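Undergrad: Here are the chains, one letter per residue:
2 protein chains.
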Amino acid sequence: MTELPQGATIGILGGGQLGRMLSVAASRLGYRCHIYEPGAAPAGDVAHRVTTAPYEDETALRGFAASVDVITYEFENVPTSALDLLESLRPIRPNRRALAVSQDRIAEKSFLNDLGLQTAPWAQVDCEADLRAAADRLGLPAILKTTRLGYDGKGQARLNAEADIPAAWAAMNGAASVLEGFVPFEREVSVIAARGMDGSVACYDPGENVHRDGILRTTTVPARLTPAQRADAVLIAARILNALDYVGVMGVELFVTPRGLLVNEIAPRVHNSGHWTQAGCTVDQFEQHIRAVAGLPLGDGNRYADVVMENLIGDDVLRLPELLKARDTAVHLYGKGTPRPGRKMGHVNRVIRG
Amino acid sequence: MTELPQGATIGILGGGQLGRMLSVAASRLGYRCHIYEPGAAPAGDVAHRVTTAPYEDETALRGFAASVDVITYEFENVPTSALDLLESLRPIRPNRRALAVSQDRIAEKSFLNDLGLQTAPWAQVDCEADLRAAADRLGLPAILKTTRLGYDGKGQARLNAEADIPAAWAAMNGAASVLEGFVPFEREVSVIAARGMDGSVACYDPGENVHRDGILRTTTVPARLTPAQRADAVLIAARILNALDYVGVMGVELFVTPRGLLVNEIAPRVHNSGHWTQAGCTVDQFEQHIRAVAGLPLGDGNRYADVVMENLIGDDVLRLPELLKARDTAVHLYGKGTPRPGRKMGHVNRVIRG
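Sequence lines, in order, name chains W and E. Using this note's numbering, the first residue of the first sequence is number 1, and each one after it goes up by one. Using this note's numbering, the first residue of the second sequence is number 355, and each one after it goes up by one.
Chain W extracted, bound-state conformation:
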């Protein structure tokens, strides 16, 4: 295991709030960050350097790679061509396989099922006839999702009855899709798991997530889980990380159902449902990720407090004056300017003391 030396530079693909918090964590460990981002980059406010260029700009990609020692990413939809070029120049952590699996819902579900892990029932859908057959087989309601480029509820259509089929298929714009059957679940939890270059795995305590309009609203730790469920959740995450020879932090979303834990999806990066670790752990998910990709030992991720993380979405940020005064409440803003509906503007971590 080669440790990244003090003063080395970590390249981050993507300059949103995750990149911003990764860059801050890297600074605590004595590293610099160079952000690569085609659009606006709030991460640039706290990074050593920012490259603003599209992922198709080969010269910019080469310059970026030449200036960094290792490359990581804050979102998984980086175009393959960019990754091919970058990978020929510098190590990318987490590795390409993790990206390939998580960029494609069908690859992801196949990978998980092949590992012996449960998912919601699903069927590949490439045309309206496929969708009819799939709806027949899985039953309705169900949810149709494009296999690629979906996040925060985008690229999704819910089917409540057979009559919804044409509109749902039309909403996919002809993109390869997957129909997911509904599973009656009691709650959604997620495990933020980390794996180091030495193969060691550390999982944070599972958090319980509440979504609205397809966007995460709150994560609460501890999640309401039985001891057996808690152990299962961690074992599932560890199995996924080991199978991918993963290096870094991953978010693993799980449905708690009467027939056990189902994997909803995996995200090969730091995850919104892991923001609570900033308030409840000595080493948060951002530092844990940087430690992993830098080849350092994983840190102490034990939870020492109960925490409720709440996202500030759109106008939620107007509650700021009150939140800044609240006890046991840590405010994290992303420097994104004007609030827009559905836009993640920040989050707060409220610590519940016993």
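Think of the hints as simulated: they come from the structure by calculation, not from any bench. From a predicted model like this one, the values you see are computed outputs, not experimental measurements. Glycine included, each C-beta is placed from N, C-alpha and C at the ideal position. Treat the hints with caution; some may be incorrect.
Said to hold, decoys possible - Derived CB-CB ranges, DEER-like: (1) E:T580 with W:G260: 56 to 64 Å; (2) E:S421 with W:R187: 45 to 53 Å; (3) E:I706 with W:R49: 48 to 56 Å; (4) E:S435 with W:T52: 32 to 40 Å.
Stated by the list, open to error - Covered stretches of chain E, as calculated for chain W (at least 3 residues, CB under 8 Å): (5) 366 to 380; (6) 396 to 408; (7) 582 to 594; (8) 637 to 651.
Starting from the structure of chain W, add chain E where the hints point.
TA: Coordinates of chain E only, in the frame set by chain W:
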């Protein structure tokens, strides 16, 4: 009270580790930072912008001021001419009076004594004859310090006997100096205190400091103080802040003696002995300072854990592999490159759980 709007830029004079951690804290509150630093600027790794120019460069100072909404500082020895120019262009917080008092040991001690606060006995020394008279009056051992520009044990000479007088005075290079009599103290503690633009004051729990070779080595909270001493420490700090109409965080160093608390010195900025607040409080000293200078309400600075902060000085940083693996230990590195004797390379906060 005018709040700095989201996305505003805070100018920081000085680009060392304090500026670095201030910039990170500012990002959490949605602000950007612009660092002004004549030399190497580790703060620049996590700042929106850095100006590298001497404090005598009027054009650079004007450009800096034009790009920021408010100016603060991470060290108190900024030349007066630079401050005069900057103050004509943008608000400086904490204010000039706090700087003037803390830049000059005689002004500081006079200010404190005028407030009715105790200091070690002292005498102004402008020539060797002054020093002889002062040594006679205060007794030896005593310590001779230049009135300006001293920090971390620099610009100081200890006098154990009369024979040391010529060498001690020679070491001051003719600079205006002050002789401080020794006071038998049980321990040194410091209070990190904050005052907002609305005049509200919040003090962190006092920490107990251990120095070696004139440099802070550890701060431990809670400090060993009686309830009365604890109350006194906080009242002293509040009295100083109010008297200066102060806005921001200040470090107040106190000697615990049989005849009460003596003020050793004040620092009109975030303070090394307040680094423990990163591990033991919801809102740390860096965010508290940014909140104050930005006109936001002060945050929750209540201590929820026992903490030992240890500075990593020079080769201490070679213990890094072990520290990165230690439980309940948060590592903070400053990105300063090669260790040098006496150079602050980072610090660790070790949380003691009951």
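Undergrad: Now tell me, hint by hint, if it's right for this structure.
TA: Right, here's what the structure says about each hint:
| no. | hint | in the structure |
| --- | --- | --- |
| 1 | E:T580 with W:G260: 56 to 64 Å | holds, 57 Å |
| 2 | E:S421 with W:R187: 45 to 53 Å | holds, 48 Å |
| 3 | E:I706 with W:R49: 48 to 56 Å | violated, 39 Å |
| 4 | E:S435 with W:T52: 32 to 40 Å | holds, 38 Å |
| 5 | 366 to 380 | holds (count 3) |
| 6 | 396 to 408 | holds (count 5) |
| 7 | 582 to 594 | violated (count 0) |
| 8 | 637 to 651 | holds (count 4) |
The earlier numbered hints that this structure contradicts are 3 and 7.
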